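Colleague: Okay, here's what each chain looks like letter by letter:
4 protein chains.
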Amino acid sequence: MIEEIVRAAQGMKGAMIAQRRDFHQYAEVGWTEFRTASIVADTLTTLGYEVLVGEEVIAAEAMMGVPSPQELERQAQRAIDQGADPMWVEKMSGGKTGVVGIMTFSQQGPTVALRFDLDANDVTEVQEEGHRPYHEKFASVNEGAMHACGHDGHAAVGLALASMLVDFQGTLGGRIKLIFQPAEEGVRGAKAMVTKGIVDDVDYLIGMHFGFKMQKIGQLVCNVKGFLATTKLDVEFTGIPAHAGAAPEEGRNALLAAAAAATYLHGISRHGQGTSRINVGMMQAGTGRNVIPAHAILKLETRGATSEINEYMYKEAIRIIESAATMQDVTVKISEQGRAAGGSNSPEMVNFIEKIAGELGIFNEIVAQCDFNASEDCSYFMERVQQRGGQAAYVMVGTDLAAGHHDSRFDFDEEALVLGLGLLGSIAQKILQAK
Amino acid sequence: MIEEIVRAAQGMKGAMIAQRRDFHQYAEVGWTEFRTASIVADTLTTLGYEVLVGEEVIAAEAMMGVPSPQELERQAQRAIDQGADPMWVEKMSGGKTGVVGIMTFSQQGPTVALRFDLDANDVTEVQEEGHRPYHEKFASVNEGAMHACGHDGHAAVGLALASMLVDFQGTLGGRIKLIFQPAEEGVRGAKAMVTKGIVDDVDYLIGMHFGFKMQKIGQLVCNVKGFLATTKLDVEFTGIPAHAGAAPEEGRNALLAAAAAATYLHGISRHGQGTSRINVGMMQAGTGRNVIPAHAILKLETRGATSEINEYMYKEAIRIIESAATMQDVTVKISEQGRAAGGSNSPEMVNFIEKIAGELGIFNEIVAQCDFNASEDCSYFMERVQQRGGQAAYVMVGTDLAAGHHDSRFDFDEEALVLGLGLLGSIAQKILQAK
Amino acid sequence: MIEEIVRAAQGMKGAMIAQRRDFHQYAEVGWTEFRTASIVADTLTTLGYEVLVGEEVIAAEAMMGVPSPQELERQAQRAIDQGADPMWVEKMSGGKTGVVGIMTFSQQGPTVALRFDLDANDVTEVQEEGHRPYHEKFASVNEGAMHACGHDGHAAVGLALASMLVDFQGTLGGRIKLIFQPAEEGVRGAKAMVTKGIVDDVDYLIGMHFGFKMQKIGQLVCNVKGFLATTKLDVEFTGIPAHAGAAPEEGRNALLAAAAAATYLHGISRHGQGTSRINVGMMQAGTGRNVIPAHAILKLETRGATSEINEYMYKEAIRIIESAATMQDVTVKISEQGRAAGGSNSPEMVNFIEKIAGELGIFNEIVAQCDFNASEDCSYFMERVQQRGGQAAYVMVGTDLAAGHHDSRFDFDEEALVLGLGLLGSIAQKILQAK
Amino acid sequence: MIEEIVRAAQGMKGAMIAQRRDFHQYAEVGWTEFRTASIVADTLTTLGYEVLVGEEVIAAEAMMGVPSPQELERQAQRAIDQGADPMWVEKMSGGKTGVVGIMTFSQQGPTVALRFDLDANDVTEVQEEGHRPYHEKFASVNEGAMHACGHDGHAAVGLALASMLVDFQGTLGGRIKLIFQPAEEGVRGAKAMVTKGIVDDVDYLIGMHFGFKMQKIGQLVCNVKGFLATTKLDVEFTGIPAHAGAAPEEGRNALLAAAAAATYLHGISRHGQGTSRINVGMMQAGTGRNVIPAHAILKLETRGATSEINEYMYKEAIRIIESAATMQDVTVKISEQGRAAGGSNSPEMVNFIEKIAGELGIFNEIVAQCDFNASEDCSYFMERVQQRGGQAAYVMVGTDLAAGHHDSRFDFDEEALVLGLGLLGSIAQKILQAK
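Residue numbers (the working numbering), protein chains in the order written: chain V, 1 to 435; chain C, 1 to 435; chain Y, 1 to 435; chain X, 1 to 435.
Same shape as in the complex, but just chain V (with noise of 0.2 Å):
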């Protein structure tokens, strides 16, 4: 069976590039993946499954760091012009492009779901002739958005699966689910999709991340370890203006407000229990040298080993921003921009997988732990299976890299996609094989 999964794998490895080529072509950022969803949507819907989109899947209230609504209309027109379905992109409407096929099988089993990601990166393209995406003329079109973080892939991979899962539906039971989700730049898709519900009935997911800390074709690890729970919130302090040498004392000084949270939030105290981290990346603020400044924003992001000191962090870091707010008489409104839970994967999915891995024969190096010590919103849906009893698990299949994730030179070495496209298929496979 594990042979008749590689040779196929092998096989779909022409369509799987013309897939991923196409996705990196017409590249969009997260919540506007209109087009890229709509092709999923049509392409799973042909297959025969079950397909689920926009309010089906996605939790309109738990959506984070949505662009505005022109921005959105705007990119759904451009979607159509580049030949989503208008069908599909209207049920997508909001931003909502998520997208989830279902395939139950005639037999008992277990419901499997694997996660894939669809968004590009806020990143323009080069163009340069040493760049294969531009000398093989599939360099992104659209302005500001590159897949240079190799969803393209885990996309094509995902559709690549589908067809091979339906090409072996007649040996499983149980059920699959495919989930495509939007937005995991910024982790800002996965709550919204977890929040629905959708893998509240799932005994066992996957996800799949090429390269990463993997930056070799043939390797492959398991046992993902440390993924950091994190929030990301922005924040926006009003004061009122005055004339800095004459009434100085009739100002509400926002910057300084803002500086006051800097610099406590970076004092937030250590977690016994475990890594935590802050980081406020950005501060603007005034808007001339001689009045009191009256407005001032911070873009900051809280992590912690566990959803719990994350959470700790994030409680910190609200009070410590309102009473920095308080302190210098400004109002202020904070905004959730993103959040990832923590965790790591489940022990028996890391035995099972290191397991068929090692009888697949197409890995070189099966590496025994890594430590993530980033963030990723499939955590979410691993913390939320976990929770529920089940086994989740994320695995990053190796691929050499022209240039690192979110670097505007980013390619990696297609051959990956058939080591993911084998690795997953016999997973789901061995899982779902009818007894």
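No wet-lab data here; the hints were simulated from the structure. Since the model is a prediction, treat every value here as computed from it, not as a measurement. Heads up, a few of these hints could be off.
Note that the list lumps identical chains together, so a pair holds whenever it fits in one copy or between two copies.
30 Å max Cα-Cα, derived DSS-like pairs, lysine-lysine [to be verified]:
hint	residue 1	residue 2
1	K225	K213
2	K315	K333
3	K355	K435
4	K91	K355
5	K196	K225
6	K355	K137
7	K435	K333
8	K216	K355
Following the hints, complete the assembly by docking chains C, Y and X onto the known chain V.
Modeller: Chains C, Y and X only, in chain V's frame:
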């Protein structure tokens, strides 16, 4: 008439010196002037004044910086042991050690008030042969209490004036009020007497201080400007201790709250309308190096060129302190320990007194003007009288000093007693002289 | 004589209006007044003045807040395109757009200097029918540059005065220096002219401003007090970026350095000798939420009632900024963008000008005194002249305004041109009149 | 052999209790253990050990947190009064109260060191009937000094072990070093002994502590991990006082410097490689409300999961403190009061000791692993031995406690003495047994 007063003042020099030295020897700090005030009350009674003491002249709710009941009790007992009449001490229970002597003359006329302060400093007097009070055996026998600001002299002049006015009563009309105020140090006492309304019927009020900015015998300044309004605050933060290595996140850090408060208090914006001041003069926090500090105190003061500017500083300070507490999730208690008004002498009074001083012929140098740039709660009496349409002035009678005010070697030239009495006697006589 | 001057001033009204509107239409901001200064130089030359420009009147090392060489080049070319004589523009290369016209009269007498400023504001003028300059077609054609502070009028008065003095030269002795200063906005230009020594031989110096605190036509204030000395600083912190999740300890945080600097700058102690001010008006730091911010800028200003107090503020500020950088292990570059002295009018000049103004009979209201409480670099000229034993004054000639200074709808009543010329002409004539 | 050792240990119980109670009664705090160390030196000498004391085992330049010479003198005298041999006390002058006993066995073998600490805590023992040491009359007679951390027991075990090894010497090879260390509290003493080189020839080092995280008699933990490296610092800022009303600008504010230091110390960035800690546990500043505070002290500590991380924290701390001083133009003196290394037990030693402990049959519960998450300067000895290729371990021998460590009611179950001696004796015998 002027000549008679000068002669009378000179004749009372010996009595004043004796009285001043007695007060000096039994120095009593703010709100514990039981013996001093008892002697004042006794003397005024004997001279025929109507005498009000204790709750008749002190509004309990406006007393600030009062010692503990135990301490008051201890000091009251000491006063009795040192010769105070228990009847008066009883009337002054709770530290209400103010005295007002009133005499109404048979003819019509205005109401004139003169204010004298009674309290010593929290200073232990040196015991050195070179220090005259020690050498001449009138140094303070009360450890931790010393007349290092000349209030012993002020009170002696007040009693001599009481006597002089009795001698001259046949020539006078209207009414005299001799106000003996406790707790001027720390500007704690005046508010309680003003709140009681004791100057609400006063047309002219005069305060006097020896030395300060006039440190030569024979100098006089009548035009004192720039009393800084002030508020004295004690702040106490209470957090939660925790082990700094094992569980720092369980602590609530009072030290950081106090540090934030101190930092941002000093950052209160300057005021476009005039001088403002802020000082956090003392901070104590924490117990051990490896414990999150759960306790902190601050002692601070605000000042302003006017009561309005000080009020601005005070309001800012309160908000900053409270939000610094909130920022660290600790509780805070703020208590007012003292308060004085801003203000300046009434211009007409300045002119009037300068004219008299010139006629007296006992001053070598009449200084045109003096910027006080400090705080004195006589300003409270002045502000109230001026607000009600009366006039007020504060004069500084120069005197050579052995050491600066509040120094444990402080002493002054007792000739100043004669000059002070001559000046105040003349002023009172001129205003009150029957038509 | 006074009457003749008033009549002459009224006769020049049309010429002044035309000149002012020409300057207005081709507004040029600080250090780029190539066209304006060329016209001034041309006119003075034609009138027979000795004319000094460029490096003859500007000390390069003392120029502050100068645009980039590219920008200067671009503006010089625009000036030529808009009619400036390339010969003058060449002499003013590097932005040295100051002009001094000198005339020595045949008879003995003192040296009198009058100072006019030339530059426009960084404001784009509105294009609305209700805005007179637009309606009457003399609105600025240079985007981002607008005479919104009346310097166009000041320069027009200066040129008219140059002409008037030629007409009256037979009656005069001594020497006149007409100083046309660039870059008054941001108090950037005066220091470079003073450093060059152009007022080192001046006995009397007068500066004039339309409007400001006198916003009614016919008003005049001769006793302007309380120029605040000031320094304008730009600060740039440079640290090291790092990933905020994976390796925050590798970063060097420029945002925290800037926040600390802002916080403690506002905490600089008040000064016992008079007014001080500090304002951090702008802060920008960081690039992304999850990156330790490696770059930050501050724009700030210090002020003081005297040059000494401002120097205290400046020194404190420099030390605080540098130590805030050290604290975060980042580098810092501080650049001075402007500077003005403190000071007040010479009392004799005040009396002298008030007397003349009274005689002129063209002012409705002569205001007794005005607290400037702001900064103007005319104070630099005044301070130098006063330090060398001369006298100096700054007068404000009232005028109704369409909108406040620096507003894009600013306009003033051109009758003020006549009043200003009448006043300055009379002053100059009185001082210089041959014995 | 094991059985013999257990039997021997049980036989020495009475002697150990007597010795422990003697040390307890005459408790001496860090660097003043003159009597305790003298008794240790005497006993070892009597038993035939080569005995090194004073400057033979303590590097003066590495002593931290040493009391004043006056205090040392006072304590040395008290020790003599309480029975110490003046000869030893003399050798330990300056507080060099460390002792090392060395015995070299006739046969070849490794060098084994066992480390015991000697000092009491800065605690005054309660005098209550319910407190056994009081009831049984061995409570500390030295006010302010109490064995509230069990070091009295450690030292008693050390002397019993010295005796036991003499009894067993015929079966042993190699060399034993018994290290009696002063000033463990505040992690002040180990560095001075390590710097002297006394463990540079050691192959195996074992430290032991009663109780701590093992608070039941019969418990044992051999795998102690996560010693936090630490540095203890005292900081003293000195500024210039000034009157806060009249001339605040003349002051140099030490309180604000200390507040800034505290604030930014807590803002030191977390470290990506592991746990870090910072705590400013104490701050005292200023004298009076109306005086610019000219003096401030801080007591703080840094910690890190490794010596490298602590070194990062330390370097950041020093720079921040120094720049906070510069910022307020005050001077600063930083003194190191204590230091410990990070680290963990050598895995081979853990296995080895666990095996022995199992064989002994006297422990009810052998706990698998313990995260120390605190600091102990035994880590200094361990680090040095491990760096030179040796092995080291620290074991915690459980014991029921009357109250927590450092509590004035602390007491432990003396049965632990037998368990500790049995374990250490067995370990030493196993390693040293002659082949």
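Colleague: With reference to the structure, classify each hint as holding or not holding.
Modeller: Structure-based check of all given hints:
1. Proximity of K225 to K213 under the C-alpha cut-off of 30 Å is found in both arrangements, the shortest distances being 12 Å within a copy and 28 Å between copies.
2. In this assembly of identical chains, K315 and K333 lie within 30 Å of each other by CA distance both inside one copy and across copies; the values are 15 Å within and 24 Å between.
3. In this assembly of identical chains, K355 and K435 lie within 30 Å of each other by CA distance solely inside one copy; the values are 20 Å within and 47 Å between copies.
4. For the homomeric pair K91 and K355, neither the shortest alpha-carbon distance inside one copy (41 Å) nor that between copies (67 Å) is at most 30 Å.
5. Taking the shortest Cα distances, K196 and K225 sit within 30 Å of each other inside one copy (26 Å), while across copies they are farther apart (43 Å).
6. For a Cα distance limit of 30 Å, the shortest separation of K355 from K137 qualifies neither inside one copy, at 40 Å, nor across copies, at 67 Å.
7. For the identical chains of this complex, K435 and K333 are neighbours neither inside a copy (56 Å) nor across copies (71 Å), given an alpha-carbon limit of 30 Å.
8. Within a single copy, K216 and K355 get their C-alpha atoms as close as 21 Å, which meets the 30 Å cut-off; across copies the closest is 43 Å, which misses it.
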